[in-house]
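K.L.:
Sequence order for the protein chains is A and B.
Residue numbers for the first sequence follow the working numbering, so the first one is 23 and each next one is one higher.
Residue numbers for the second sequence follow the working numbering, so the first one is 75 and each next one is one higher.
If you're looking for bench data, these hints aren't it; they were derived computationally from the structure.
Worth double-checking, as some hints may not be accurate.
Which chain A residues stay away from chain B? Per the calculated CB distances, all over 10 Å, these [stated by the list, open to error]:
| hint | residue |
| --- | --- |
| 1 | His203 |
| 2 | Pro286 |
| 3 | Trp396 |
| 4 | Gln660 |
Which stretches of chain B does chain A cover? Using the computed rule of at least three CB atoms under 8 Å from a CB of chain A, they are [stated by the list, open to error]:
| hint | region |
| --- | --- |
| 5 | 321-328 |
| 6 | 391-405 |
| 7 | 486-496 |
All values reported here derive from a predicted model rather than from experimental measurement.
Here a beta-carbon is modelled for each residue, glycine too, at the ideal position from N, C-alpha and C.
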Amino acid sequence: MSQTITIRRTDEGVAIITLDAPDSKVNTINTQLGDEMAAALQQLEGDTSCSGVVVISGKPDSFIVGADIDQLARVQSAAEGQRMSELGHQMLDRLESLKIPVVAAIHGTCLGGGLELALACHSRICTDHKSTTMGLPEIQLGLIPGAGGTQRLPRLVGVQTALDMILTARNKRPRQALKAHLVDEVVPRAALEQAAVARVSKLARQRKQDSQRNVLQKELEELRRLADSKELTELLLGGNPLGRMFVFKKAGEMVQSKTGGHYPAPFAALRAMEIGLSRGLKKGLQAEAEEFGKLVVSDVSRRLVEIYYATQSLKKDTGVTDPKIKSQKVARMGVLGGGLMGSGIAFVYANKGVEVRIKERDLDRAASAVGAVWDIVKPRVKRKQLTRNEAERIMARVSGTADLSGFGRADLVIEAVFEDLQLKQRLLQEVESATREQCVFASNTSSLPITQIAQVSGRPEMVLGMHFFSPVHKMPLLEVIVTERTSDQATATAVGCGKLVGKQVIVVRDGVGFYTSRILSPYMNEAAHVLAEGAAVEELDRALTGFGFPVGPIKLMDEVGIDVGAKVAKIMYEAYGERMHPVESLAAVIEDGRMGRKNKRGFYVYDSDKRKKMVDETVYDLLPGGHRRKPINVDQVQKRVALQMVNEAMHCLGEGILRNPRDGDIGAIFGLGFPPFLGGPFRFTDVRGAQVVLDDMKRLRDTLGPRFEPAPALVDAAKDNRKFRD
Amino acid sequence: MGTPSRLGRRVAIVSGLRTPFCKAGTEYARLSSLDLAKAAVVELMNRSEVDPAEVEALVYGNVVPSVAAPNVAREIVLSTNLPRHIHGTTVMRACASSTEATTNAANAIAVGNIDVAITGGVDCLSDVPILFSRSFSDALVKGSQAKKLPDRLKAFASIRPKDLVPVPPSISERATQRTMGQHAEMMAKEHAIGRKEQDELALQSHLRAAAAVERGYIGSELAPVFLPDRGTAVSRDNHIRPDSTYEALARLRPVFDKKYGTVTAGNACPVTDGASALLLMAEEKAKALGLTPMGFIRDYAYSAVDPHWQLLIGPTFAIGRVLERTGMKLDDIDLVDLHEAFAAQVLSNVKAMASKTFAEEHLGRSTAVGEIDWAGDRFNVMGGSIAYGHPFAATAGRQMIMVLNELKRRGKQFGLIAQCAAGAMGAAMILERE
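Assemble the whole structure, with the sequences as input and the hints as a guide.
P.N.:
Following this line, the structure appears as structure tokens:
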């Protein structure tokens with residue numbers, strides 16, 4: 023089977039186009055599909071015996087998952103990208119112009135170009151299956167829908183829904199899709215083809231009647247249809263030029279504030295949509311193709327596509343080099359400590375079918391941990407993301423205990439207790455006496471070296487770190503930390519365990535701060551330097567959000583806890599010496615009892631919602647320079663603070679903490695919010711040129727001191743004119 | 075005494091747990107039978123070394139079924155992480171329902187039909203079905219069958235306001251139209267059981283239960299019930315009164331026969347919510363899995379008499395029968411746990427068992443069933459249902475667990491549990507440790 027498309031004719035004379043790409047688990051939009059589709063269309067265009075067309079997928083759980091990203095990545099110029107989009111337009115235009123009804127029968131994932139194909143059909147139906155989801159995720163790759171999506175979607179579902187789907191890449195599940203009029207019918211999976219054929223016949227009948235009925239009556243019917251209140255709002259806002267202007271203006275403001283103006287694609291999508299709605303489909307498609315061409319070769323899109331590839335290659339990475347070693351199944355898990363972390367971990371695993379037993383000091387604490395899991399589950403039932411039965415089964419997988427009963431069958435135990443070495447060591451020993459030999463013991467510490475915790479272990483080969491980020495069910499990264507003695511088997515199991523709950527998993531070698539906490543430390547420290555030199559808090563934070571970080575470093579300090587930050591800074595200083603020497607003048611802030619958000623006293627004001635983003639001016643009483651803050655050189659500050667993180671990442675690579683630069687980029691982006699459009703510390707250096715970064719570091723070192731001494735790995739890369747990533 | 079079981083393959087009780095028992099409308103006020111059953115069964119398997127995939131059947135007792143989950147046994151499987159292959163049967167033998175569930179599964183194990191089963195029982199009187207009157211429900215059914223609106227309305231035309239008053243579940247014996255308490259009064263009179271004795275037994279029940287809690291014997295038998303909405307857990311029985319006094323009990327007014335009665339709220343068991351769960355296995359299977367069972371089921375017997383005669387005398391008949399079958403005497407039994415529905419019923423049965431005349435007249439045997447001192451060191455040694463409460467279908471499970479654990483502590487061999495049940499039935503089971 024080398025063909026993707028096969029055409030079959032039903033007794034009713036309906037052509038069933040089945041998409042089933044050979045040698046692939048899923049269907050993607052690529053040139054082969056394009057060519058075959060063109061041939062199929064030619065056949066249908068000339069066939070008068072055919073009464074209609076159904077487009078359906080032969081894959082078990084996908085329709086079309088989107089465009090072939092490899093083909094996009096090979097595009098060399100904006101003109102080539104634009105041509106690619108135009109070819110798509112032409113083909114879908116032919117599909118839409120067929121004289122007979124065309125129905126898309128959607129089961130499973132239907133994304134990007136797949137949905138655009140469906141949008142060009144005359145009607146869409148989908149299954150009510152869990153795997154069925156529809157959306158336009160192009161924005162996540164720094165692109166816009168390039169096969170008519172920016173034009174046909176708003177025409178079908180209205181401007182507001184279309185904006186939401188295109189700008190946020192939010193998918194629609196079957197019921198939502200029906201409500202949004204994205205699909206016309208939701209049917210059980212077994213009835214999909216039958217229902218599609220029935221709809222073709224219905225559409226054919228309607229067309230016949232329509233052509234016989236007078237125009238006035240048709241208009242009336244259309245008006246009645248629009249009397250549906252939602253459509254009326256859409257008509258008022260989207261259909262009239264003033265309302266539309268308002269909607270697009272609002273959307274533009276939202277995009278600007280959400281992206282900080284770093285991402286061109288949302289603006290491009292807005293432009294194409296607006297042109298299409300004000301000047302017609304043809305002009306709109308033309309604008310879409312132009313924007314698509316420009317974006318596909320843009321730096322931002324290139325970086326985002328590279329990140330996509332990195333995450334794809336991480337998915338295949340078992341965390342160990344020996345291909346024979348596979349992750350052991352984790353069916354039962356023990357969690358020590360039921361705080362925010364422990365209950366978060368319990369939720370994500372129970373949600374994926376793992377039985378989780380939370381051990382706390384007493385049953386009351388265990389009960390509040392179970393309650394915390396319920397607090398995550400309950401709103402999902404309300405939002406209909408989980409059925410009641412799914413929710414009760416999740417909860418039945420979570421149990422609490424005040425002793426180690428029920429740990430005997432655990433496959434993996436994660437400790438998430440207070441950061442206290444003795445406590446962790448004692449628990450490790452207790453757990454080892456209550457569990458099987460092959461049970462993995464993972465510490466969720468963010469700062470204590472795993473090697474130290476494992477010192478008391480009777481089976482150190484089973485001990486490693488699993489550093490989750492809070493809140494666990496939202497943060498995408500897991501840092502697995504291995505010691506010299508950790509076995510490959512334990513590592514592979516921990517990595518598999520992270521992937522089970524959809525995390526990007528990087529494996530790093532043990533060392534103070536591992537990777538993420540370690541590179542964050544000099545970054546935060548440098549921000550503290552800038553603050554101590556007299557910068558205003560909000561200006562400093564704005565400089566770094568302007569660079570592309572999701573929050574500024576001082577705000578982050580408030581979130582993490584100023585006391586915790588100071589504690590970590592001290593540990594880092596002890597381990598890595600002068601370059602991480604903490605800024606002493608910050609001590610006064612801590613002495614003042616300011617711990618950040620958790621005690622509502624920090625650099626920012628927390629007492630009322632309205633003033634949430636306001637700096638607490640009284641903090642300046644405690645800082646050098648007092649209330650008279652000095653203006654900053656934004657460029658210089660961005661460079662100083664961000665390069666500290668980049669340089670420390672180079673140290674981690676040189677010392678073998680990181681296995682490779684890819685992990686370093688993924689860790690910084692998904693764990694610390696390093697700007698994705700810059701591609702991570704290593705990609706950033708590659709793009710800029712190692713020599714340029716090195717020169718920057720040297721200049722900073724000469725003016726600000728030895729803490730800017732370039733890492734050896736950076737020096738070497740510059741010397742050899744070598745890139746970290748290919 | 076170590077003769078092999080009459081049943082076939084020997085059946086082991088590998089482990090057992092129960093939820094705390096709480097008075098209806100208290101801690102579990104917002105829960106259902108299914109919630110409590112899950113808490114007991116899931117924790118039983120959580121603490122067990124046995125892979126749940128080994129379990130083949132779940133047989134569960136339930137007296138007051140919930141409308142939403144009438145086959146609670148199967149719903150337990152479907153609403154938890156238990157493997158879906160475990161089939162579920164819900165059984166009902168009134169207050170002996172967890173005995174019924176356990177013997178039902180034990181029979182299947184004994185004949186080799188299955189190897190491993192979960193049994194037990196649950197009742198949540200905080201969540202009882204309230205019915206509409208018959209005439210109103212008839213109208214509802216008719217209305218739902220009617221095709222046109224006028225017909226639908228006609229169906230309800232005959233409804234009168236009194237038909238709209240909901241019908242609570244019956245607490246009286248259907249055949250006799252008398253409540254259980256009235257029957258207990260009748261038993262007290264028949265067997266000449268005085269108020270004083272009844273109050274003394276109630277006091278003993280509370281004080282012995284309190285002492286068992288104090289010694290830490292009870293806590294390890296309990297599966298905590300988590301209340302995620304409140305972020306709390308229920309981890310102890312809430313009806314045991316360590317500060318009970320005879321004087322306080324003696325002051326209570328009789329409930330069922332206000333003039334001449336002796337049965338009070340203090341010397342009867344309260345309406346209670348709770349669940350119990352046991353893991354049953356063929357002895358050979360337990361051996362193969364390297365498990366040390368809590369004990370084994372030696373034999374059991376059920377009985378039934380005319381409810382108009384002595385509604386709560388069932389235990390005497392069932393105990394007589396199971397002793398006969400095993401060739402044992404009551405003196406051979408190291409621990410007896412006789413379900414305390416009412417002190418009057420317990421004392422009546424103790425008296426009847428000791429009576430040669432009763433045996434000759436009603437049991438067709440020439441000797442008495444046996445004598446046992448209700449205040450002695452073999453009888454309800456950790457208190458009984460008057461103190462713990464009585465979630466109908468969960469009680470026998472509690473008795474099995476408590477008796478087997480206490481036999482172990484004492485290093486003894488034989489235990490006997492018995493219950494009276496609505497419909498004038500009785501149940502008795504002999505347990506052994508090795």
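K.L.:
Would you mind marking each hint as holding or not holding in the structure?
P.N.:
To see whether the hints hold, each was checked on the structure:
| no. | hint | in the structure |
| --- | --- | --- |
| 1 | His203 | 32 Å, holds |
| 2 | Pro286 | 46 Å, holds |
| 3 | Trp396 | 3 Å, violated |
| 4 | Gln660 | 44 Å, holds |
| 5 | 321-328 | violated (count 0) |
| 6 | 391-405 | violated (count 0) |
| 7 | 486-496 | violated (count 0) |
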